[in-house]
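Asks: Chains A and B, in that order, are what the protein sequence lines are. Quick note: the first sequence uses this note's numbering, first residue 1, plus one each step. Quick note: the second sequence uses this note's numbering, first residue 297, plus one each step.
In case anyone wonders, no lab produced these hints; they're calculated from the structure. There may be inaccurate statements among the hints.
What the hints assert, rightly or not - Negatives, chain A to chain B, calculated, CB over 10 Å:
(1) G35
(2) A61
(3) H73
(4) A154
(5) S208
(6) N216
(7) N226
(8) R232
(9) W243
(10) E250
(11) S254
(12) D259
(13) D261
What the hints assert, rightly or not - Quick partial rundown of chain B residues pointing at chain A, CB under 10 Å, derived from the structure:
(14) K323
(15) S337
(16) E385
(17) R393
Note that CB positions come from ideal geometry on N, CA and C, so glycine has one too.
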Amino acid sequence: MLRLLKWLVLLGVAGLGLGYWFTRPATLDPLAMDGLQGDAEAGALVFAAGGCASCHAAPDATGEAKLILAGGHAFPSDFGTFYAPNISPDPTQGIGGWQAVDLANAMLFGTSPTGQHYYPAFPYTSYDRTSMKDIADLWAYMQTLPASETPSKAHDVSFPFSIRASLGGWKLLFAGSEPTAVEPTNAEMQRGQYLVEVLGHCGECHTSRNALGGVNYDAWLGGAPNPSGQGRIPNITPAALDWSEADLVEYFTSGFTPDFDSAGGEMAAVVENLAKLPESDRAAIAAYLKMVPPVE
Amino acid sequence: MRLAKKFITLTALSLTLSAPAIAQDAKAIDGAVKARKAQMSLYAFNLGILGNMAKGQADYDAAVAQGAASSLLALIRLDASQMWPAGSEQGAAAGSRAKPEMWNNMNDVIAKAMAMQAAAEAMDGAAGQGLEAMQAAMGGVGGACSACHKAYRGPKE
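Construct all of the structure, not just a fragment, from the sequences and the given hints.
Replies: Printed below as a string of structure tokens:
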């Protein structure tokens with residue numbers, strides 16, 4: 001997701017040029033979430049599927065401490081380093097003063113309560129199709145987590161990317177995830193599609209991007225260069241991955257591959273999260289992966 | 297003129313002298329990468345014997361399970377200290393997926409290796425004691441493998 005910031009060089013200033021009117025941050029009606037009663041227990045599963053703790057817990061947190069969303073995880077890029085903020089319920093350092101609709105605006109439009117653009121280091125580029133019910137549940141769950149007084153770290157980003165308005169032009173062109181070529185034929189595959197394309201934001205790592213940072217939808221899940229070092233994020237389409245659905249479910253549960261290697265790198269954190277979901281969800285992800293068009 | 301010739305001869309000489317040394321270094325690093333990958337593959341092979349029984353893909357056999365668990369523990373107890381030379385990280389040595397961070401965090405790497413040994417000892421005690429005991433020990437071993445791969449192994453090329 002940080003690779004896409006590369007083309008910001010070209011487009012960042014275009015945002016200012018196109019004019020604020022066209023690129024102003026989008027928001028929902030302030031009353032859009034009224035009447036939606038969140039269920040915290042269901043929200044815990046949205047939180048796990050979304051992998052929020054992988055980025056928002058303190059970088060060295062393990063076990064229960066992963067539920068303290070103090071932030072601090074660094075995301076280096078060509079433009080400087082972004083830091084995940086404190087999103088615990090603390091009223092001053094976290095987002096304790098927010099309403100559910102503020103979380104919806106953040107996830108669906110990348111817009112802050114003060115009307116600023118978020119950087120796409122926050123993968124709202126995938127979360128933008130999250131259901132309103134899931135956001136209400138997630139919000140209810142996040143209220144139950146411990147507050148942290150750790151202040152958010154300011155991003156260390158250079159001009160002009162330090163100006164959030166410069167993101168408007170980029171958003172106009174690239175934000176708003178597109179439907180993929182995958183056409184689910186039953187409810188399980190549909191559930192898998194939602195978990196992979198939206199909450200699980202698998203495409204943020206497993207799909208390559210074009211020179212301007214747009215997602216290569218015709219090579220969906222076909223693998224990508226590793227943004228944070230050597231090697232490649234693997235191709236997980238049927239062209240490269242011949243694992244059975246049971247093999248995939250096992251990998252998403254225990255991290256074991258069919259030959260009993262164990263998941264590593266950033267995927268280990270994804271597996272920790274997927275393991276918290278009901279088995280039917282892991283099976284839905286496996287069913288979806290089996291019907292993704294093969295990318296050679 | 298003579299000086300120049302002397303210089304060229306000396307350079308050529310020093311090149312022939314140092315070339316085998318450099319080649320041997322690269323060879324030593326290549327050997328170390330191959331050795332540690334072979335050791336890891338043997339971990340996975342023995343763990344696979346246990347894992348397939350745990351998943352019900354093979355019938356539980358106490359003697360076979362005990363053999364695999366004892367082999368895993370013996371493999372883990374091999375001295376691997378010479379298998380991780382400086383300069384053998386991913387990007388520097390062909391075929392290596394070991395992240396450079398390993399060499400700046402040796403205490404943590406050792407702690408993770410010790411945690412794996414403890415989990416393999418628990419498995420060694422459990423594997424012959426029935427399917428359920430063996431299944432219960434699987435998570436500990438898998439978690440110990442994954443904890444190190446999470447921090448210190450990069451994706452494939």
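Asks: Would you say D259(A) is clear of chain B, with no C-beta pair closer than or equal to 10 Å?
Replies: violated (6 Å)
Asks: Would you assess whether S208(A), listed as outside the interface, keeps its beta-carbon beyond 10 Å of every beta-carbon in chain B?
Replies: holds (14 Å)
Asks: Measuring from the C-beta of E385(B) to each C-beta in chain A, is the shortest one below 10 Å?
Replies: holds (9 Å)
Asks: Since H73(A) was said not to touch the interface, does its Cβ keep a gap of more than 10 Å from each Cβ of chain B?
Replies: The claim holds: H73(A) sits with its nearest Cβ about 14 Å from chain B, beyond 10 Å.
Asks: Under the criterion of a CB-CB separation shorter than 10 Å, is S337(B) in contact with chain A as hinted?
Replies: OK, holds: S337(B) within 10 Å of chain A, min 9 Å.
Asks: A cut-off of 10 Å on Cβ-Cβ distance, and N216(A) was said to be off the interface with chain B. Does that hold?
Replies: Fine: 18 Å to the nearest Cβ keeps N216(A) off the interface.
Asks: Is the nearest CB of chain B more than 10 Å from the CB of D261(A)?
Replies: Violated, because the least Cβ-Cβ distance between D261(A) and chain B comes to about 5 Å, which does not exceed 10 Å.
Asks: Run the C-beta distances from R232(A) to all of chain B and say if the shortest one exceeds 10 Å.
Replies: Contrary to the label, R232(A) does not stay out of reach of chain B, its closest Cβ about 6 Å off (not over 10 Å).
Asks: Please verify that the nearest CB of chain B lies beyond 10 Å from W243(A)'s CB.
Replies: holds (14 Å)
Asks: Beyond 10 Å on every Cβ pair: is that true for E250(A) relative to chain B?
Replies: violated (7 Å)
Asks: Do the numbers back the hint for R393(B), that is, is its least Cβ distance to chain A under 10 Å?
Replies: This interface hint holds because 7 Å falls under the 10 Å limit.
Asks: Can we confirm that no CB of chain B comes within 10 Å of the CB of G35(A)?
Replies: It holds; G35(A) is separated from chain B by about 42 Å at its closest Cβ, greater than 10 Å.
Checked against the numbered hints given earlier, the structure breaks hints 7, 8, 10, 11, 12, 13 and 14 and satisfies all the rest.
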